[in-house]
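*Asks:* In the order they appear, the protein sequences are chains C and D. The first sequence begins at 0 in numbering that gives the first Met the number 0 and counts up one residue at a time. The second sequence begins at 0 in numbering that gives the first Met the number 0 and counts up one residue at a time.
There may be inaccurate statements among the hints.
Chain C side only, calculated, beta carbon under 7 Å to chain D, not exhaustive [unchecked claim]:
| hint | residue |
| --- | --- |
| 1 | Lys112 |
| 2 | Ala119 |
| 3 | Phe123 |
| 4 | Leu125 |
| 5 | Asp126 |
| 6 | Val128 |
| 7 | Gln129 |
| 8 | Asn162 |
| 9 | Asp166 |
| 10 | Leu170 |
| 11 | Lys180 |
| 12 | Pro236 |
Here are a few chain C residues that face chain D, going by a calculated C-beta distance under 8 Å [to be verified]:
| hint | residue |
| --- | --- |
| 13 | Pro167 |
| 14 | Ala181 |
| 15 | Lys234 |
| 16 | Gly237 |
Chain D regions said to be covered by chain C (calculated; three or more residues, Cβ under 8 Å) [what the hints assert, rightly or not]:
| hint | region |
| --- | --- |
| 17 | 43 to 55 |
| 18 | 159 to 165 |
Hints in this document: simulated from the structure, not taken from any laboratory. It should be emphasised that the depicted structure is a prediction, and the values quoted were computed from it without experimental measurement. Built from N, CA and C at the ideal position, the CB exists for glycine as well.
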Amino acid sequence: MNTESRLEKILASGELAVTSECGPPRGALPEKVKEKSALLKDHVDGINVTDNQTAMVRMSSFAAAVIIKQMGLDPIMQMVARDRNRLAMQSDIIGAYAFGINTMLCLSGDHAKFGDHPMAQGVFDLDSVQMINMVRRMRDEETFQGGAKIDGAPKMFIGAAANPFADPFELRVMRLAKKIKAGVDFIQTQCIFNLDKFEEWMKGVTDRGLDEKVHILAGITPMKSVGMARYMKNKVPGMDIPDAVIKRLEGVSKEQQPEEGIKMAVESIERIKAIKGVHGFHIMAIEWEEKVPQIVEQAGLYPRPAV
Amino acid sequence: MITAEQKPIQEIIQYIAPYSRILLVGCNECVTVCAAGGRKEVGLLASALHLNSLKQGKTIDIKEITLERQCDPEYVEELAPYIDGADAVVSMACGCGVQSVAGRFKTSPVFPAVNTRFMGASLGQGVWAERCKGCGDCVLGITGGICPVARCSKHLFNGPCGGTSNGQCEISPDVDCAWRLIWERLKELGMENRYEDLMNAKDWRPGGAAGPGKIIREDLAQ
Chain C
0 MNTESRLEKI LASGELAVTS ECGPPRGALP EKVKEKSALL KDHVDGINVT
50 DNQTAMVRMS SFAAAVIIKQ MGLDPIMQMV ARDRNRLAMQ SDIIGAYAFG
100 INTMLCLSGD HAKFGDHPMA QGVFDLDSVQ MINMVRRMRD EETFQGGAKI
150 DGAPKMFIGA AANPFADPFE LRVMRLAKKI KAGVDFIQTQ CIFNLDKFEE
200 WMKGVTDRGL DEKVHILAGI TPMKSVGMAR YMKNKVPGMD IPDAVIKRLE
250 GVSKEQQPEE GIKMAVESIE RIKAIKGVHG FHIMAIEWEE KVPQIVEQAG
300 LYPRPAV
Chain D
0 MITAEQKPIQ EIIQYIAPYS RILLVGCNEC VTVCAAGGRK EVGLLASALH
50 LNSLKQGKTI DIKEITLERQ CDPEYVEELA PYIDGADAVV SMACGCGVQS
100 VAGRFKTSPV FPAVNTRFMG ASLGQGVWAE RCKGCGDCVL GITGGICPVA
150 RCSKHLFNGP CGGTSNGQCE ISPDVDCAWR LIWERLKELG MENRYEDLMN
200 AKDWRPGGAA GPGKIIREDL AQ
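For reference, chain C alone in the conformation it holds in the complex (with noise of 0.2 Å):
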């Protein structure tokens, strides 16, 4: 074990672990945190903090993560590489630690085009490989990325992202391999709907035996509605939506489209708990944390365990 993370003691303990995610809000109110992780908490072992999701400004992930720690729960401060350069990024982990956060996620971040700040420079003094890398090194050798000793090491937990669906597919495999060298304890997906596809990756995962040396999170999004379904197949970046997935909520009626999403979400759930390899489930329930707990008890994922 080399963190205190509750992340890393259920991976550890070889049950499925459950994290999910919350949005903080476009604006100081911290209430709204506390709502959403509220939602979550008797249900997952880690809340995921979203930093300037689709390069839009929000509260601070390390403010808001502060906000959840405080609340006696465990999040996962996301950092993506866009906004900040390796002072920002050793000051803010470091500022984390001391605050009890010990999980973090390491991202690139959407390039600044897709937000509210088209305008804005982005940083990117360092990639998530780096990014994963410096962490690493903070925790296990003590040190900065310059080089100098660190009186008091941040002990992360480090995690990262993965996308499967995206291309060149055959790099896919190959980039987490990286991931992996860089230092990275575990991974969560991009959201799962080609389920094939995921098979698929994780055959590769496994194959090159990737799967003991990172525990991966398979990423669950239920769709609320065929038009968001649409939307993301359309609009949202390397995302993988098969015609099946529209064709299935259209045949419903728009009052039964949410219910039918969150039953898809739950068979993915089970379809994939079979894949050799997988070591639990990132459930991104997008502005509809509410359904998290549902989603997870369903699944029977409920109740977490203990540790």
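Starting from the known structure of chain C, arrange chain D on it as the hints suggest.
*Replies:* Relative to chain C, chain D alone:
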């Protein structure tokens, strides 16, 4: 080469509004090749400015000169005989040329007529694309001859990110994913195994992080 595009004519007109004698200076190097500020463009801009001043009922005197290289003091010196006859200089060179002229003639206002865009290569008639960021520590030898700094929208050294779609960058279907190109090229070269080499955090100092760049060749400098 350095690429540039002419500024909107209204912006140039605003710069020179207080002046009636203009020295309009082109450059025979990069801006000629990218058709932004060579002899031809100097002539066209002079005509446009004349036309505008006629419309305003004013007269304007424009002296047109195109230097061999506006970023070189030896050629900038050729402007000396004309500088006193002008109230202002309009430069159609890249930012390097504009500053060379402004640095030499300290009492003459110098205005840029082009926006300097990037270091690029020609893809065909009338098309130029960015190829180099001048990062000062070239990695093309390990990325199959395709630059991740200039051509990946997030300048990732260990790409591609998760936004690639149909081989194109997440920012636009018109932009190739640089890491897709790198991967294809590594395969063509039989160097696929190099892909999993970690590329370490970049030292940005040679590319500008250490302050304005300067090269001094002791063997050549006097």
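*Asks:* Quick check on Asp126/C please, does its C-beta sit within 7 Å of some C-beta on chain D?
*Replies:* Where the cut-off is 7 Å and the nearest Cβ of chain D is about 4 Å from Asp126/C, the hint holds.
*Asks:* According to a criterion of three or more residues whose C-beta lies within less than 8 Å of a C-beta of chain C, is the region 43 to 55 of chain D covered?
*Replies:* Coverage by chain C is violated for the region 43 to 55 of chain D (0 residues, Cβ < 8 Å).
*Asks:* Is the coverage entry for the region 159 to 165 of chain D by chain C consistent with the three-residue Cβ rule at 8 Å?
*Replies:* It holds, with 7 qualifying residues against the three required.
*Asks:* Hey, does the Ala119/C contact hint survive, CB to chain D under 7 Å?
*Replies:* violated (13 Å)
*Asks:* Can we keep the Pro167/C interface hint, with Cβ of chain D closer than 8 Å?
*Replies:* holds (6 Å)
*Asks:* Does the closest beta carbon of chain D sit nearer than 7 Å to the beta carbon of Lys112/C?
*Replies:* Lys112/C check passes; min Cβ-Cβ to chain D is 5 Å, inside 7 Å.
*Asks:* Mind checking the CB of Leu170/C against every CB in chain D and telling me if the closest is under 7 Å?
*Replies:* With a closest approach of 6 Å, the Leu170/C hint holds.
*Asks:* Hey, does the Lys234/C contact hint survive, CB to chain D under 8 Å?
*Replies:* Hint on Lys234/C: violated, closest Cβ of chain D at ~11 Å, above 8 Å.
*Asks:* Can Leu125/C be said to touch chain D, with a Cβ gap under 7 Å?
*Replies:* Because about 5 Å separates Leu125/C from the closest Cβ in chain D, which is inside the 7 Å limit, the hint holds.
*Asks:* Given Gln129/C was flagged as interface, is its beta-carbon under 7 Å from a beta-carbon of chain D?
*Replies:* holds (5 Å)
*Asks:* Is the interface hint satisfied for Pro236/C? The criterion is a beta-carbon contact with chain D at less than 7 Å.
*Replies:* OK, holds: Pro236/C within 7 Å of chain D, min 4 Å.
*Asks:* Please check whether Asn162/C passes as an interface residue: C-beta within 7 Å of a C-beta belonging to chain D.
*Replies:* holds (3 Å)
Violated hints, listed in ascending order, are 2, 15 and 17; each of the other numbered hints is respected by the structure.
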